[in-house]
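Working from the sequences, and respecting the hints, build out all of it.
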Amino acid sequence: MKKIYFTIVMLALSICSVSGMSNRFSDDAKSRIETEIKISTGGLDVDRSISLYTIEAFLFPATGIVEVNLSDIGMAEVYVVDSNNQIVDYDSVNTDIPSSVYLSTNGSGNYYVVIVSATHYAEGAFAI
110 MKKIYFTIVM LALSICSVSG MSNRFSDDAK SRIETEIKIS TGGLDVDRSI SLYTIEAFLF
170 PATGIVEVNL SDIGMAEVYV VDSNNQIVDY DSVNTDIPSS VYLSTNGSGN YYVVIVSATH
230 YAEGAFAI
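Quick note: the sequence shown uses the working numbering, first residue 110, plus one each step.
Calculated directly from the structure, the hints in this document are not laboratory data. Owing to the predicted nature of the structure, the values given are computational and were not obtained by experimental measurement. Wrong hints could be hidden among the right ones.
With beta-carbon atoms standing in for the labels, derived distance ranges [stated by the list, open to error]:
| hint | residue 1 | residue 2 | range |
| --- | --- | --- | --- |
| 1 | D191 | I113 | 52 to 58 Å |
| 2 | N203 | E145 | 19 to 25 Å |
| 3 | I237 | E165 | 48 to 54 Å |
| 4 | I117 | A138 | 27 to 33 Å |
| 5 | M110 | E143 | 24 to 30 Å |
| 6 | E186 | I117 | 51 to 57 Å |
| 7 | I117 | A227 | 58 to 64 Å |
| 8 | S140 | K112 | 41 to 47 Å |
In silico SDA-like cross-links for lysine to any residue, where the CA-CA straight-line distance does not exceed 25 Å [claimed, not checked]:
| hint | residue 1 | residue 2 |
| --- | --- | --- |
| 9 | K139 | N219 |
| 10 | K139 | I206 |
| 11 | K139 | L161 |
Think of the CB as a built atom: it goes at the ideal place given N, C-alpha and C, for glycine as much as any other residue.
Here you go:
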């Protein structure tokens, strides 16, 4: 009976420690990529209401993955460009609904993330 009780307690402790560590790593592993955002009207009249668009970029340095969260900027193209101005990864997304894009890098180095739509342009630099 003691062996069964000991086994159950050890199993519960291991499950708690694994879930706690995964939450810690998921929070610590993500760092924000500061982006400079430029808005152009493309010759159209500017809407005077407050725009609620989202352009955010995050880096997971351990894996080299870039997460880009976008909403309300129309059709957008997202690029990861290396220091030699070569496109490393690319995706196109419709941001009428909030969307997340995950792009990869080629390992350590200096990179840019570039986001282009008809009305918005953003870019940010990061290094792994």
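Each hint tested on the structure:
no. : hint                       : verdict
1   : D191 with I113: 52 to 58 Å : holds (57 Å)
2   : N203 with E145: 19 to 25 Å : holds (23 Å)
3   : I237 with E165: 48 to 54 Å : violated (19 Å)
4   : I117 with A138: 27 to 33 Å : holds (32 Å)
5   : M110 with E143: 24 to 30 Å : violated (59 Å)
6   : E186 with I117: 51 to 57 Å : holds (53 Å)
7   : I117 with A227: 58 to 64 Å : holds (59 Å)
8   : S140 with K112: 41 to 47 Å : holds (46 Å)
9   : K139 with N219             : holds (17 Å)
10  : K139 with I206             : holds (23 Å)
11  : K139 with L161             : holds (24 Å)
In terms of the numbered hints stated before, the structure departs from hints 3 and 5, listed from lowest to highest.
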